[in-house]
Amino acid sequence: MEFKPRIVAFLCNWCSYTGADLAGTSRMEYKANVRAIRVMCSGRIEPTFVLRAFVKGADGVLVCGCHPGDCHYQEGNYRCLRRFLLLQKYVVQMGIETERLKLEWISASEGRQFAELINSFTETIANLGPCKIKETMKVLT
Amino acid sequence: MEGPKPKLKLAVYWAAACGGCCVSVLDVHEKLFDVIAAADFVFWPIALDIKYKDVEEMPDNHIDLTLFNGAVRNSENEHMAKLLRKKSRILVAYGSCSHLGGIPGLANFSTKEDIFHRVYKECESVINPENIRPLSEYEVQEGILELPVFYNDVRSLAQIVEVDYYIPGCPPQTERLIEVFVAIVTGAELPPKGSVIGAETKAQCDECIRKKTENKRIKKFYRPWEISDDGETCFMEQGVLCMGPATRAGCGYRCIKGNAPCRGCYGPSSDVTDPGAKMMSAIASIIDEKEPEEIKRVLEDIVDPAGVFYRFSLPSSLIRRKLS
Amino acid sequence: MKRITIDPITRLEGHGKIEIFLNEDGEVNNVYFQVPELRGFEKFCEGRPV
Chain A
1 MEFKPRIVAF LCNWCSYTGA DLAGTSRMEY KANVRAIRVM CSGRIEPTFV LRAFVKGADG
61 VLVCGCHPGD CHYQEGNYRC LRRFLLLQKY VVQMGIETER LKLEWISASE GRQFAELINS
121 FTETIANLGP CKIKETMKVL T
Chain B
1001 MEGPKPKLKL AVYWAAACGG CCVSVLDVHE KLFDVIAAAD FVFWPIALDI KYKDVEEMPD
1061 NHIDLTLFNG AVRNSENEHM AKLLRKKSRI LVAYGSCSHL GGIPGLANFS TKEDIFHRVY
1121 KECESVINPE NIRPLSEYEV QEGILELPVF YNDVRSLAQI VEVDYYIPGC PPQTERLIEV
1181 FVAIVTGAEL PPKGSVIGAE TKAQCDECIR KKTENKRIKK FYRPWEISDD GETCFMEQGV
1241 LCMGPATRAG CGYRCIKGNA PCRGCYGPSS DVTDPGAKMM SAIASIIDEK EPEEIKRVLE
1301 DIVDPAGVFY RFSLPSSLIR RKLS
Chain C
2001 MKRITIDPIT RLEGHGKIEI FLNEDGEVNN VYFQVPELRG FEKFCEGRPV
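Residue numbers (my numbering), protein chains in the order written: chain A, 1 to 141; chain B, 1001 to 1324; chain C, 2001 to 2050.
Hints listed in this document are in silico derivations from the structure and should not be mistaken for laboratory results. It should be emphasised that the depicted structure is a prediction, and the values quoted were computed from it without experimental measurement. Treat the hints with care, since some could be wrong.
Listed below are the simulated EDC-like cross-link pairs for lysine to aspartate or glutamate, each with C-alpha atoms no more than 20 Å apart in a straight line [what the hints assert, rightly or not]:
1. B/1290 to A/70
2. B/1290 to A/104
3. B/1219 to A/75
4. B/1112 to C/2027
5. A/138 to A/116
Covered stretches of chain B (in silico footprint by chain A; criterion: 3 or more residues with CB under 8 Å from a CB of chain A, positions within the stretch not fixed) [as the list claims (entries may be wrong)]:
6. 1243-1253
7. 1281-1293
8. 1298-1304
The C-beta atom is built at its ideal place from N, Cα and C for all residues, glycine as well.
Sequences are here, hints too, so could you generate the full structure?
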C-alpha cells in the first residue's frame, strides 16, 4: 500500500491560516494530506505541540506564521522563530530527520505560496517515508 | 485499652540506581531511632540481608510502604517492580530515576548493541579479545547461570507498574521524606493517588532567593565556569542555563545555594507533560535576537539540548528515546 | 550436586549474585559471582557537556 504522508500544519489565525483559506476559496489545488490547526499567533506554538504531533503519528509538521515585522501581536512570530530553531536542534538529536519539521512565513494574501508549500512539503515527506517514531515508542525489550 | 499500634513495614529497593537515594534515607541520621520505633524495614539490600526469595514468600500487600528507587533497565528491575507492586500496599517511586527515568535514562540515546559494544569491546580500559558479552543464559558444567535481559529502553517505574506516589529528586531531600513518613505514621490524609509528594507545586524560581528582574534578555549562553558569578543575580540573567523555571520546587534550591545552576532533578511542576519542551520554550523566548543567523549563533552555545533539558527525564518525555 | 544461590548480595553498594555448587561431601566445588547490572555510563556520557 502506498505511503500516504500525514502532515500537521500549525497556522496562525491572522496570516497563514487566512492565506490557507485564500488558497481554498480561490480553488487552488493542493495535496490533501495536511491537517491544519489554527492558533491565534505562531507565538502560541510551543515545542510540546510539535512533539506531540510526531508522537501521535505525524510524518511531518509545518509551522507557519506572519512574516517578520507583520505579526498581529507585534513579536509573537519572533518567539516562534527562536523556539523553532532550538526545537530543530533537539529534534535532530532525537533522530528525526530535519526535513520533517519546517517553518515558513505565509501572509494572508499568499494563497498560492501556501498551496505550493503544502505540495512540496508533502512530496518531501513522501520521499522520506513514514516517521519511525510510532514503532520506536512501542518497544520495551 | 488499645494495644500498641502495629509497626509499619517498610521496604526500600534499588533498580538501576546509584545508591544515592538509599543514602538519602540513611541521612535521617539519629532520627532513625524514631523511624524504627514506628516501623520495621523488611527489605533493604543496602542495609539488611533479606533476599529476593524472602520477598517472593511474603503475602500480597504485606509491605505497608515501599520506596522504589532506580530506573527499570533490565528484566530483573522489571521483575522486582512487579513483585514489589504485588507485595506492597503503597508503592512510591522514590527519586528521579524511578519518577522520570533519571540519569540512566540518558542511555535512551543509544541502543543495547551500541552500549554493549562500547562497554565490552571499545572501552579504553577493557581487554576483551574474545568479544565476550553478558548472556541471559550461560551453560557451565554445573548447570545454567542466568543474568537479567538488558532491555533496549530505560523505563521509569510508572511505565511498568501502577505507582501510588512520586517523591522527586536526585536524591530527594531527606527532610521532605521525613515529612512524608510522619504523615503516614500519624495517619494523616494522604493526597490523591498518583500525586507527587514531598515537594512543592510551583517552580524553583518561586523559592530561589537570587535577585530576579523582569528583564531576562540573553545574548549569549555561558557555561558556569565562564562567568564570574556574583552570587546574587539569577543565573539565567547572567546567561547561565538554569532549569529552575521548569523544575518543581521543594529541594530548598540546594544547588543554587551551592552556587550551581539548577539541573532539573525534581522534574516538572504539576500538570506539565514534557518539562524539557517547556524549558526549551522558555529559553527560546528570552533570547534577545531576531535574525535567524543571530539566533543560531546564540543557540550554538547549547551544544546538547536534549541532554540538558531532559537530563533526568528522557524516558518519560514525549519522545522517550532516540529513533534508531 | 547442591546449588546455593545468594541473591542479592547485601549491605554493600551495587547488585550481585553468587551461585555456589557443592559436591556430594558438602564441600564447595565451584562458585560463580555475577554482576546483574549495567547502566552504560561509558556510552551515554559521550557528547554531554561536563
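Quiz prompt | Restraint status (C-alpha distance of residue 1219 of chain B to residue 75 of chain A at most 20 Å) | solution = This hinted pair holds, its Cα atoms lying about 17 Å apart.
Quiz item: Does residue 2027 of chain C lie within 20 Å of residue 1112 of chain B when you go C-alpha to C-alpha?
Solution: 39 Å, violated
Quiz item: Within 20 Å, alpha carbon to alpha carbon, are residue 138 of chain A and residue 116 of chain A?
Solution: 35 Å, violated
Self-check item: Claimed coverage, the segment 1298-1304 of chain B by chain A - three or more beta carbons nearer than 8 Å
Solution: holds (count 3)
Quiz item: Three or more residues of the segment 1281-1293 of chain B near chain A by CB distance under 8 Å?
Solution: holds (count 8)
Self-check item: Straight-line alpha-carbon gap residue 1290 of chain B to residue 104 of chain A, limit 20 Å
Solution: 15 Å, holds
Exercise. Please work out if residue 1290 of chain B and residue 70 of chain A have their alpha carbons no farther apart than 20 Å.
Key: Holds: residue 1290 of chain B and residue 70 of chain A sit about 13 Å apart, inside 20 Å.
Self-check item: Within 8 Å of chain A's CB atoms, at least three CB atoms from the segment 1243-1253 of chain B: coverage verdict
Solution: Violated: only 0 residues of the segment 1243-1253 of chain B have a Cβ under 8 Å from chain A.
Checked against the numbered hints given earlier, this structure breaks hints 4, 5, 6; the rest are met.
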